[in-house]
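**Q** So you can see what is in the structure, the chains are spelled out below.
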Amino acid sequence: MYGAHHKVDNLIATIDYNGQQIDGPVNEVMSLKNLKAKWEAFGWTVVESDGNDLESLLTTLEKAKNLTRLGKPVLNLMTTAMGQGVDFMMGSHKWHGVAPNDDEFAKAMAQLEETLGDY
Amino acid sequence: MNKYSFTDKKDTRSGFGAGLHELGKKNSNVVALCADLTGSLKMDAFKKEFPERFFQVGIAEANMIGLAAGMTIGGKIPFTGTFANFSTGRVYDQIRQSVAYSDKNVKICASHAGLTLGEDGATHQILEDIGMMKMLPGMTVIVPCDYHQTKAATLALGDHVGPAYLRFGRPSWPVFTAADRPFVIGKADRMVEGSDVSIFACGHLVWEALEAQSTLESKGISAEIINIHTIKPLDAEAVIASVNKTRCAVSCEEHQINGGLGDSIAQLLAAHLPCPMEMVAVRDSFGESGKPTDLLKKYGLSAEHIVEAAVKAVSRK
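Here the protein sequences line up with chains G and C, keeping their order. The numbering of the first sequence is the numbering used here, which starts it at 1 and goes up by one. The numbering of the second sequence is the numbering used here, which starts it at 1 and goes up by one.
Please keep in mind that the hints were generated in silico from the structure rather than gathered at the bench. Just so we're clear, the structure is a prediction, and the values are computed from it rather than from any experiment. Wrong hints could be hidden among the right ones.
[To be verified] Subject to a maximum C-alpha distance of 20 Å in a straight line, what follows is the list of computed EDC-like cross-link-like pairs (lysine to aspartate or glutamate): (1) G:63 x G:50; (2) C:291 x G:102; (3) C:47 x G:28; (4) G:94 x C:120; (5) G:94 x C:44; (6) C:48 x G:28; (7) G:94 x C:119.
Sequences are here, hints too, so could you generate the full structure?
**A** Have a look at this one:
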């Protein structure tokens, strides 16, 4: 609200939107409906990205940067899958509130060719 | 030796879950609201048996308190459930305006309170909630000591009329009270009789106080242990009667030194029976991530600290 009102146009915010919460999928617990339209209604420019595809994410962030200085703050609505690339973590909300133990961590890391640590 | 023993350890939040489930069977006006923590608050059994009386509100605690306040108008008895920090600090305004000031029969049930939340760390370890809630006019504040007492307190709240705050926790903790031990809101429970020092404790620290009592006994100090499960209204009669005999006091709580049980006791004693008093509480700092018992030790809340405080209180007489 403040950012749009004051035309804070050197600002890019990112939402890591994994669609899960501790009791289950957000759409089952309490749907947020159209999150993009909500931000737009608050006066932000919204770009959408896939947070699990780092190359395309970098492209989207460039695009977001090009949309600054145009009188509006910019939101990067970044869709992600929790536990992407780890077979026992994907497609579940279970890991929202649970930390992997040392064994689980080692198993998970063994399945990932690339992590944020590579960037 | 500790006058109480336990064969089982259970989390107090499970006592809440069991009490709520039983209350649901007894009273069809009881409804439950939860802000995305059904499993953590142990509300699954109630949800499963009474789906039409269970309301998942999502991560929208302010909305939850507003909905609960509204439901009381039609005669429902709403029990809200989330972590203690989200139950109080996050929604203080809604509780003040829509529940306390409006005198609505809402039962605010709060888990994961205090340092014993453990590994989740300082962001979630609220140590100010008793203070915030007890300052609200008309708010009853209950902090039970173990699984059985949390269950009993939950059941008692079904018959209680008016706004109430029930605070419990996450870790497995000794279950040392009998399932049928009487529980009356506002009536302190004397656990051990003694003559040299009155130790007033609430929540998880009642067990620590009982452990301290046995150490004190070996040092020749006779400690009276009183479980102040209801911090507000405070059982002034029980506090005065005990201190009249012992002439010094120690308070023990998993809360800031400002605003908690110790404050309530000190206020009463200052006005009616001034005497040496020591407070075992968190000294104006936030918590941190760690194992519950390690944190109690680090922050000065374990049995050994209660012993030190009691020895000091007695020496100041």
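**Q** Take the hints in turn and mark each one as holding or not.
**A** Hints and how they fare:
1. For the given pair, residue 63 of chain G sits about 14 Å from residue 50 of chain G by alpha-carbon distance, which is consistent with the 20 Å threshold.
2. Simply put, residue 291 of chain C and residue 102 of chain G have alpha-carbon atoms about 17 Å apart, close enough for the 20 Å limit, and the pair holds.
3. Between residue 47 of chain C and residue 28 of chain G, the direct Cα distance comes to roughly 15 Å. Compliance with the 20 Å bound is thereby established for this hinted pair.
4. For the given pair, residue 94 of chain G sits about 16 Å from residue 120 of chain C by alpha-carbon distance, which is consistent with the 20 Å threshold.
5. A hinted pair counts as satisfied when its Cα atoms are at most 20 Å apart, and residue 94 of chain G with residue 44 of chain C qualifies at roughly 16 Å.
6. Distance restraint check for residue 48 of chain C and residue 28 of chain G: the Cα-Cα separation of roughly 16 Å lies within the 20 Å cut-off, and the hinted pair is therefore satisfied.
7. Taking the CA atoms of residue 94 of chain G and residue 119 of chain C, the gap is about 18 Å. The hint holds against a cut of 20 Å.
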